[in-house]
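J.: Protein chains in written order, with my numbering: chain C, 1 to 257; chain W, 1 to 257.
Read the hints as simulated data drawn from the structure, not as lab findings.
One side of the interface only, derived from the structure: several residues of chain C facing chain W at Cβ under 7 Å:
#, residue
1, T22
2, G94
3, A157
Idealized CB from N, CA, C, for every residue including glycine.
Number of protein chains: 2
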Amino acid sequence: MTTKSGKIYLVGIGPGSPQYLTPAASDALSASDVIVGFRAYIEQIEGLTAGKEVVSMELGQELERAAAAVDSAYAGKTGAVVSSGDAGIYGMSGPVFRVLTDRNWDGESPEIETVPGVSAMQAAAAVLGSPLMQDFCAISLSDLLTPWEKIRSRLEAAGQGDFVVALYNPRSRRRQTQLLEAREILLKHRPGDTPVGIVGDAFRPGQRVKVTTLQDLEQEVESVDMVTIVVIGNSTTYLHGGKVITPRGYEEKRKET
Amino acid sequence: MTTKSGKIYLVGIGPGSPQYLTPAASDALSASDVIVGFRAYIEQIEGLTAGKEVVSMELGQELERAAAAVDSAYAGKTGAVVSSGDAGIYGMSGPVFRVLTDRNWDGESPEIETVPGVSAMQAAAAVLGSPLMQDFCAISLSDLLTPWEKIRSRLEAAGQGDFVVALYNPRSRRRQTQLLEAREILLKHRPGDTPVGIVGDAFRPGQRVKVTTLQDLEQEVESVDMVTIVVIGNSTTYLHGGKVITPRGYEEKRKET
Numbered sequence: 001m002t003t004k005s006g007k008i009y010l011v012g013i014g015p016g017s018p019q020y021l022t023p024a025a026s027d028a029l030s031a032s033d034v035i036v037g038f039r040a041y042i043e044q045i046e047g048l049t050a051g052k053e054v055v056s057m058e059l060g061q062e063l064e065r066a067a068a069a070v071d072s073a074y075a076g077k078t079g080a081v082v083s084s085g086d087a088g089i090y091g092m093s094g095p096v097f098r099v100l101t102d103r104n105w106d107g108e109s110p111e112i113e114t115v116p117g118v119s120a121m122q123a124a125a126a127v128l129g130s131p132l133m134q135d136f137c138a139i140s141l142s143d144l145l146t147p148w149e150k151i152r153s154r155l156e157a158a159g160q161g162d163f164v165v166a167l168y169n170p171r172s173r174r175r176q177t178q179l180l181e182a183r184e185i186l187l188k189h190r191p192g193d194t195p196v197g198i199v200g201d202a203f204r205p206g207q208r209v210k211v212t213t214l215q216d217l218e219q220e221v222e223s224v225d226m227v228t229i230v231v232i233g234n235s236t237t238y239l240h241g242g243k244v245i246t247p248r249g250y251e252e253k254r255k256e257t
Numbered sequence: 001m002t003t004k005s006g007k008i009y010l011v012g013i014g015p016g017s018p019q020y021l022t023p024a025a026s027d028a029l030s031a032s033d034v035i036v037g038f039r040a041y042i043e044q045i046e047g048l049t050a051g052k053e054v055v056s057m058e059l060g061q062e063l064e065r066a067a068a069a070v071d072s073a074y075a076g077k078t079g080a081v082v083s084s085g086d087a088g089i090y091g092m093s094g095p096v097f098r099v100l101t102d103r104n105w106d107g108e109s110p111e112i113e114t115v116p117g118v119s120a121m122q123a124a125a126a127v128l129g130s131p132l133m134q135d136f137c138a139i140s141l142s143d144l145l146t147p148w149e150k151i152r153s154r155l156e157a158a159g160q161g162d163f164v165v166a167l168y169n170p171r172s173r174r175r176q177t178q179l180l181e182a183r184e185i186l187l188k189h190r191p192g193d194t195p196v197g198i199v200g201d202a203f204r205p206g207q208r209v210k211v212t213t214l215q216d217l218e219q220e221v222e223s224v225d226m227v228t229i230v231v232i233g234n235s236t237t238y239l240h241g242g243k244v245i246t247p248r249g250y251e252e253k254r255k256e257t
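If we strip away everything but chain C, and leave its shape as in the complex, we get (with noise of 0.2 Å):
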């Protein structure tokens, strides 16, 4: 091919709040030709689309939309690829370079730049206090790519590791069971006062906190949806002022002076 390829960047926009929209992420939207996102992404930044190709989809399209960039990209423009919270983080990063390593992409042309982004996780976990401060996991419920028995292997060993837990995609119409399964499995490794946040829609209008314990989760599922983030705190996470908080280590006493 005798074309120039052009750039893909893949922009995490963080949790929706212009806020939480980095410089380089700005500069990246700005940059660029053509937007390709989801729908709702593309309209948490409508102001910065203007005069540029926009290619809006729908919630399981990540592969049509990835391949729209890649396009795009090997015909010479500069595309920016949304996405919520961190592109590398259950992100359209993998689906673009899925489509790149499918096409034998080079490593060069297109060029690839990744602009990450403050991820729903952080956002859960800002507004519930400090619950990441020990090694944490994140696990995704939804069973589309990964088999369920994967994922129920991933809670056990997060469980035996005792790791705090991050649950992306806790519950959908279709899947209601994943939850209690995974309550379930962590229950045999810490105790039912286990302190766990769940938070929708963090730092965006409507955003809803929730703070309940492991045992207890079974009562809060109604409030568990796709765009829920569930927190699982360790052994040795405690509430104090309706925060939940994770000491830095093990050797910390909580209350030592």
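Got chain C; can you put chain W on it based on the hints?
T.: Relative to the frame of chain C, chain W by itself:
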């Protein structure tokens, strides 16, 4: 006490480039009378501290910094405690909530607002490609506050759960062997050719990137220090075009069309 208490912003300034300082973080700094932080981080935001009281301390003085911020908030001032990356991920949120707990903080006064930022792990992942696209965990190899046996058990669990692993504080002058032990543990669970990315000072002057395998990590330990992030792929992670890529899920075949 009749004095009205002030406020503490727990501010993550991101990886250290002004391009990743969020508007929320800039606003929090600008709204603060007092800025408290590790000397090197204060230097990274020096354009934003003019005319403010600056409390700059050394590494290891985390509880002292937290106490200074809490003192100043109980005295009615508004202060920002600055962390590199995200305040809530191995950052200053921990020490501040520890001091607040010790002082029987009522959860309201002083007001605490956390401003999350892009963490070092996310910056490293962005530079490497797309390694965090499936469930992952963050593990600090520092045994200052967590016993090494606990850290070992987490590495073991991360291996069993086939998590992508991001290692913080992987090696220091005092700790030379932990990274190699981590490698040994993970090698029991994933192949020797598993991609590994080593990133120092992501998005900063002097950024260093090395891509190797779990097998060959042994030969690269000299390039790893306290401020390096080591990202170890899971069993599906592959290299393409020099990038470390974890596909979105187990059911997604790399070359499937």
